[in-house]
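S.K.: This is what each chain is made of:
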Amino acid sequence: MAPERSRAHTDEMAALYPFLYSETSDLDAVLEQVRRSTVDKANEIVELRDTVLERDGAKLAACAEEMAASFAAGGRLLAFGNGGSSTDAQDLASLFLSPAGAARPLPAFGLTNDIAVVTALSNDIGFDVVFARQIAAFGRAGDIAVGLSTSGNSANLLRAFDEAGRRGMVTVGIAGYDGGKMSELDSIEYLFVVPSPSVHRIQEAQTTVYHALWELTLAALEPVSEG
Amino acid sequence: MSGTHPGADPVGELFARRTDPVLDLAGQAEDVARACHAMAVRFHRGGKLVVFGNGGPSTDAQHVAVEFVHPVIVGKRALPAISLTADVATVTGVANREGLAEVFAHQLRFLADPVDIALGISSDGNCENVLRGLEVATELGLLTIALTGGDGGRIAGTPGLDHVLVARSADPRVVKEVHVTTYHVLWELVHVFFEQPGVLAPEVVA
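These protein sequences, in sequence, are chains A and D. For what it's worth, the UniProt record's numbering labels the leading residue of the first sequence as 1, then goes sequentially. For what it's worth, the UniProt record's numbering labels the leading residue of the second sequence as 1, then goes sequentially.
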């Protein structure tokens, strides 16, 4: 997780909120700064999503086609990530498995859901293997592996993608910044990199990326399920 | 891009659907700022943040908790926060004995202190157990904040809640994305107030 923390962010905060370094305790002035900051962040994420669409719109459609083909052939989805990204992985898995409304449920596992397995592997072998070992146990050729990391550098994701690639799974990476070490892997077939210096904006756009993959995959599956 | 030829550019349409709801959040910036200040006051007094939701928002509850407990930005202090969705034994135990509607209310009664903050997340604003949780939190004296979507649902219509932020979209995926931006902003701006203790002093708060 260390690479995701940055001293630069602290300096950026200081520049954004100069009153923190003054003696003022004027509540109205602080509220006004905070209000403006909220507007700025909303505008930032709108711009960032435009960039993601421009860079990766076609790749999202292609990836969803392949995911739909995998599900149609009996494939399952395995999702994984650390920290905030673990909650995204669980959300993504549950979105496929237990969608609200009329959407078709599809088989998906969140690899951070089972604390017994995660802590057993971490304690007995090391945290770097927690996802790779689960993929080795569950993963079949034609399954889909989706890993999320803001830095792109999480060691346990890198090992998981290599294991998934060896097993012939469809591999999907969702990263941030410049893609980090995930962008150097040969084992990731579809890599989506959200180019932002803010870990928060990266996570927000990553959520859009996996929501898009879900919606487009279901749309691509419709003719299959009705045919 | 949207509306001209439905289905002609599904990816473009999908992205376009996100824009207005997040800009609408910017329109609620005053409410966001007030909620952040109120949260900072509670943390300053020793309160903790208690977060809950169902389905997708159950993962958001865990995301919010880790955001506060383990900040991604160096130099930000850890603040106490728990998700009521992580303890599967308790969630399934209460659901089995008393019903799903009580799973958050029960935990709040035994884990929360009056100085705490209750943050309930519901994509359509109609989750019975989130509403029950917020009602119990109100009775106990917690600061209550709700993140809802759609038209705000029953939660937005509930009297007595301190802060209700509504993500204006009928698409639960878009609502979730606005909620992620909202709680990221809440985290960051709580710290802005927290680092300026002058604005948290009783005479300023009152």
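Just so you know, these hints were derived from the structure itself, not from any lab. All of these numbers come straight from a predicted model, not from anything done at the bench. The beta-carbon is built from N, C-alpha and C at its ideal position, and this holds for glycine as well. There could be a bad hint or two in this list.
[What the hints assert, rightly or not] One side only, chain A facing chain D, incomplete, derived with CB under 7 Å:
1) L27
2) K59
3) L60
[Stated by the list, open to error] Selected chain A positions facing chain D (Cβ under 7 Å, derived; list incomplete):
4) T38
5) K41
6) I45
7) V46
8) L48
9) T51
10) G83
11) Q90
12) D91
13) K181
14) S183
15) P197
16) H200
17) E204
S.K.: For every hint, state whether the structure bears it out.
M.R.: Outcome of the hint check:
no.: 1; hint: L27; verdict: holds, 5 Å
no.: 2; hint: K59; verdict: violated, 10 Å
no.: 3; hint: L60; verdict: holds, 6 Å
no.: 4; hint: T38; verdict: holds, 4 Å
no.: 5; hint: K41; verdict: holds, 6 Å
no.: 6; hint: I45; verdict: holds, 6 Å
no.: 7; hint: V46; verdict: holds, 5 Å
no.: 8; hint: L48; verdict: violated, 11 Å
no.: 9; hint: T51; verdict: violated, 10 Å
no.: 10; hint: G83; verdict: holds, 6 Å
no.: 11; hint: Q90; verdict: holds, 5 Å
no.: 12; hint: D91; verdict: holds, 4 Å
no.: 13; hint: K181; verdict: violated, 18 Å
no.: 14; hint: S183; verdict: violated, 20 Å
no.: 15; hint: P197; verdict: violated, 12 Å
no.: 16; hint: H200; verdict: holds, 4 Å
no.: 17; hint: E204; verdict: holds, 5 Å
Checked against the numbered hints given earlier, the structure breaks hints 2, 8, 9, 13, 14, 15 and satisfies all the rest.
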